[in-house]
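Protein chains in written order, with the working numbering: chain V, 1 to 276; chain U, 277 to 686.
If you are wondering where the hints come from, they were derived from the structure by calculation, not from laboratory data. Keep in mind the model is a prediction, meaning the values are calculated, not measured. A few of these clues could be false.
To be verified - Quick list of in silico lysine-lysine cross-link-like pairs, BS3-like style, CA-CA up to 25 Å:
1) U:K346 x U:K297
2) U:K380 x U:K346
3) U:K288 x V:K102
4) U:K346 x U:K409
5) V:K3 x U:K399
6) V:K13 x U:K577
7) U:K370 x U:K351
8) V:K3 x U:K370
9) U:K351 x V:K188
10) V:K13 x U:K499
11) U:K297 x V:K102
12) U:K392 x U:K346
13) U:K409 x U:K399
Unchecked claim - A short, non-exhaustive set of chain U residues, derived as facing chain V with CB atoms under 7 Å:
14) S294
15) L423
16) L484
17) Y487
18) P511
19) W523
20) V525
21) N530
22) S640
23) M647
Stated by the list, open to error - A few chain U residues that face chain V, going by a derived Cβ cut-off under 8 Å, partial list only:
24) F377
25) A458
26) L485
27) V510
28) T521
Where a beta carbon is used, it is the ideal one built from N, C-alpha and C, also for glycine.
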Amino acid sequence: MLKPASYATPVEKLLFYAGWLFTALVLAFLIAPILAVMPLSFNAEPYFSYPMPGLSLQWYRDFFTNERWIGSLFLSLKLAVTVTLLATMLGTMAALGLARAKLPFRTVIFGLLLLPMIVPVIIVAVAVFMFYGYLNLIGTFTGLVLAHTALATPFVVITVTSTLTGFDWTLQRAAQGLGATPAFTFQKVILPLIIPGVVTGALFAFVTSFDEVVVALFLASAEQRTLPKQMFSGIREQISPTITAAATFQVVLSICLLVGTELLRRRSERLRGISS
Amino acid sequence: MLQSAANGIELKRQLAASERKGHIRATLLILPLLLFILVTFAAPVVLLLTKAVYDPSIADTLPRTAAALKDWDGKDLPDEAAFAALVQDLKKVKEDNTAAFVGKRLNYEIPGVRSKVISSTNKAAAITEAPFKEKLISADKLWGDKLIWTKIKQAAQPVTDYYVLRSLDLERDADGNVTSVAKSQAIYLTVLGRTFYISALVTVITLLLAYPVAMMLAHAPMKLASILLIFVLVPFWTSLLVRTTAWFVLLQDNGPVNDFIQYLNLSDGPWKLIFSRFGTVTAMVHIQLPFTLLPIYAVMKGISPNYVRAARSLGGGPFYSFFRIYLPMTLPGIGAGCLLTFILCLGYYITPALVGGASDQMVSGVIASAMNQENNWGKASALSAILLIATLVLFFVYNRLVGIDKVKLG
C-alpha cells in the first residue's frame, strides 16, 4: 500500500502522504543519533563536532592498544562467554521442563524465573552488592558471572519456550518407541529442532552480559573494568573521543548479532513448518 | 468383561505412573535454574527488602539503654538507671570502635548529632560513678534533651518503619504519631513524583510517535516494511549505554545538535541541551520508542484491511472508521507497548545519570547515591521496596493484559 486506497477522499490522501513523511522523520530520529556518532570516531581532533577538520584512526588505535580499553574489552568478552554458556544450559533445561503444560505451579515458576528481567536493575545491583558482600564475592569474577547469569537466563527461557510452542512431542515418543535412550532422543531429535531458539537465547544472554553496566558498577572492583563500566567512567570522568570508537565497535557488533538472530528466526520457522 | 475392567484399572495405573515420571523429569530439568535464581537473585532481593524494615544497629550497640528505656513513659527525662545504662553502653561502643555507626544512625533521626554522639563516647569513658545523669548532661547538653532519648527508644526497635516512612517524607514524632517531615528534609515524594511524571511523559511521547509509524509500516508492502523495520531494530539491539553515549555526545554545548542550531541561525549561544530535562526525555524517548512501537506493529499486522473497507463501503467516513473500527482493534497493542515502556522507564538509572541534571534524577539514581555516597542501606532498601512494588503491580497488570508467556523478543 504505497498509494492511498482508491476510495480515499482528498483529506485522506493528504493524511496518507503526511503519514509517510512523519514515518520518515521518526525513523530518522531513531537511527540518526547512532549514525551521527560513528563518523566522529574518525575525527582527527578530539572534539565532538562537525565539520571534522580531518580523518584519523587514532581513537581506534587508543581503543585497541590502551590497556584500559583493550583490557576491558577482553574482560567483558570473557565474562559474556562464561555467562552465555551457563545461562544457555540452565535456561534450555528449564524451558524443556516448563514445556510440560500440566506441571503443577507452572505459571508461578515461570513468573519467578522471569523476575530478573522485570525487577529494575538498580535493585538487583544493590541487592546483589549487599548479599554477595556476605559471601566475599564482591570484586570477583565469580560474583559477576553469577549476577549476570541470573539477569541473562530469562531471555534463554523465553526464546527456547517460544520455539517449543507447537513442538510436536510425538516425535519424541516415536524416537523412544523405536528404542532411543532419552539422551539420544534429545541429541538427535529435540535439539536439532530447538537449536535456533537456543542460539537466539544464547545471543541474548551474551548481549545482556556484554552490555550490562549497573551491576558491574556495584559489584566489580576498581581494577575490574568491564567495557560498559569503562565507557561509563569514560563519560563521567575524562571524556575522551575513544568512547565514540568504543560505541561504534559495539553498534557494529549488535548489527552482526541482529542479522544472526534474524537468520536463525527464519530457519526456525522453516524447520517448524511455519511459513512467514 | 471382568478382565477388561481389570485391564482398565491397570492401564489407568500405568498412565498415572508415566504421568508422574514425566512430572519428575520436568521438575528435575527446572530445578537447577530454579535453585540458581533463588540463591543468586531472589535471596539477595529478599535480604534487601528486609533491610527496609529491619535495622538492629541501635538494639545491638546500646542494648542496656534499650532495656532501661522499655518502660520509660517519655514524659520527662529518663531516670538515673537509664543514664547509667547509656554510660555503660557508650563505654562498650568506644571499646568496640562502633561509635561512628551509632552516630550515623542517630544522625538520621536528628540531623547534626553525629559528632556529639561520637564525642560523648569518649567523655563517657571518664564517668566512673554516680550521678551518671548529671555528669553525662554536663559532658554534653545533648543528653539533657528529651528528644534524643525518644529517638533512641524508637530506633532501639529492630523492626522499624523509619526508613519506609522517610522514603515517603514521613516520620514519627515524640509521641509516636506519623507526621510529615520538615519541608527542608522532604525530598523523596518529589523524586517519586518526578519518576512517575517522566515515565508517563516518555510513554505518551513514544505512543504519539510510534502509532502512526506502526500503522504505515503494518500496511506497507512486506518488502518495504521489513527494510524500514531495520531502522527500529538496530536501535533496539544497540545497548542502552551506547545510545545514551550517543546522546551525550550529540547534546554537548559544542556538539552536532548545537552546531546545527547555530547553522540555522536559530540562536546566538548554544542551547542548554545536556544535563537538562529536555536531554533526559529525548534520550529516553529514543531508547523506549522501539518497545512501544513493536507490540503495536504486531497487533496491526494481524488486522485485516477488510474491516475498514467494510466500514467505508457502509458509509462510514474516514475519521469515523478510524476511531470506531481501527483504533479499538489496536488497543491491546497500545496497552502492551505503553505498559512495557512505562514499567521500564520507572527503573531508569544510567540515562538520567549521564544526560540529566541534578533535578532530573529518578528513584534509581537516589537509590544509587544512598548506597554510594551516604552509605545508608536502610534508605536504599526502603526506596527499592517502593520501586519494586510499583513495578511488580504494573507487571501483574501487564501479565493479565498481555500474558507473561507471550513476551516476545526481537
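Against the structure, the hints come out as follows:
1. Restraint check: the Cα-Cα separation between U:K346 and U:K297 comes to about 58 Å, which exceeds 25 Å; the hinted pair is violated.
2. A threshold of 25 Å between alpha carbons decides the hint, and for U:K380 with U:K346 the separation of about 23 Å falls inside it, so the pair holds.
3. Taken as a hint, the U:K288 and V:K102 pair is honoured in the structure, with Cα atoms around 17 Å apart against an allowance of 25 Å.
4. Restraint check for U:K346 and U:K409: the C-alpha separation of about 18 Å stays at or below 25 Å, so the hint holds.
5. Pair hint V:K3 plus U:K399 does not hold up; C-alpha atoms about 88 Å apart against a cutoff of 25 Å.
6. Between V:K13 and U:K577 the CA atoms are separated by roughly 21 Å; this keeps the pair inside 25 Å, and the hint holds.
7. This hinted pair does not check out: U:K370 and U:K351 have alpha carbons roughly 30 Å apart, beyond 25 Å.
8. About 83 Å separates the Cα atoms of V:K3 and U:K370, which puts this hinted pair outside 25 Å; it is violated.
9. Taken as a hint, the U:K351 and V:K188 pair is broken in the structure, with Cα atoms around 80 Å apart against an allowance of 25 Å.
10. Between V:K13 and U:K499 the CA atoms are separated by roughly 22 Å; this keeps the pair inside 25 Å, and the hint holds.
11. Note on U:K297 and V:K102: the hinted pairing holds, with a Cα-Cα distance of about 13 Å set against a maximum of 25 Å.
12. At most 25 Å may separate the alpha-carbon atoms for a hinted pair to count; U:K392 and U:K346 meet this at roughly 24 Å.
13. Between U:K409 and U:K399 the CA atoms are separated by roughly 13 Å; this keeps the pair inside 25 Å, and the hint holds.
14. Nearest Cβ of chain V to the Cβ of U:S294: about 11 Å, over the 7 Å cut. The hint is violated.
15. The closest approach between the C-beta of U:L423 and any C-beta of chain V is roughly 31 Å, which is over the 7 Å cut-off, so the hint fails.
16. Interface hint status for U:L484: violated, as the beta-carbon distance to the closest one in chain V is roughly 10 Å, over 7 Å.
17. Because the smallest distance between the Cβ of U:Y487 and any Cβ of chain V comes to about 10 Å, over 7 Å, the interface hint for this residue is violated.
18. A least Cβ separation of about 5 Å between U:P511 and chain V falls short of the 7 Å threshold, and the interface hint therefore holds.
19. A hinted interface residue such as U:W523 counts as satisfied when its beta carbon comes closer than 7 Å to some beta carbon of chain V; here the least separation is about 6 Å, so the hint holds.
20. Annotation: U:V525 was flagged as interfacial toward chain V, and the flag holds, the nearest CB pair being 5 Å apart, inside 7 Å.
21. Hint status for U:N530: holds, given a least beta-carbon distance of 5 Å to chain V, under 7 Å.
22. Because the smallest distance between the Cβ of U:S640 and any Cβ of chain V comes to about 4 Å, under 7 Å, the interface hint for this residue holds.
23. Taking 7 Å as the C-beta contact cut-off toward chain V, the hint placing U:M647 at the interface holds, the least distance being around 6 Å.
24. At about 16 Å, the closest approach between the beta carbon of U:F377 and any beta carbon in chain V exceeds 8 Å, and the interface hint on this residue is violated.
25. The beta carbon of U:A458 is not positioned within 8 Å of any beta carbon in chain V (closest approach about 27 Å), and the interface hint is therefore violated.
26. At a threshold of 8 Å, the smallest CB-CB gap from U:L485 to chain V is about 5 Å, leaving the interface hint in force.
27. The beta carbon of U:V510 comes within 6 Å of a beta carbon in chain V, closer than 8 Å, and the hint placing it at the interface holds.
28. This hint holds: U:T521 has a C-beta 5 Å from the nearest C-beta of chain V, less than the 8 Å allowed.
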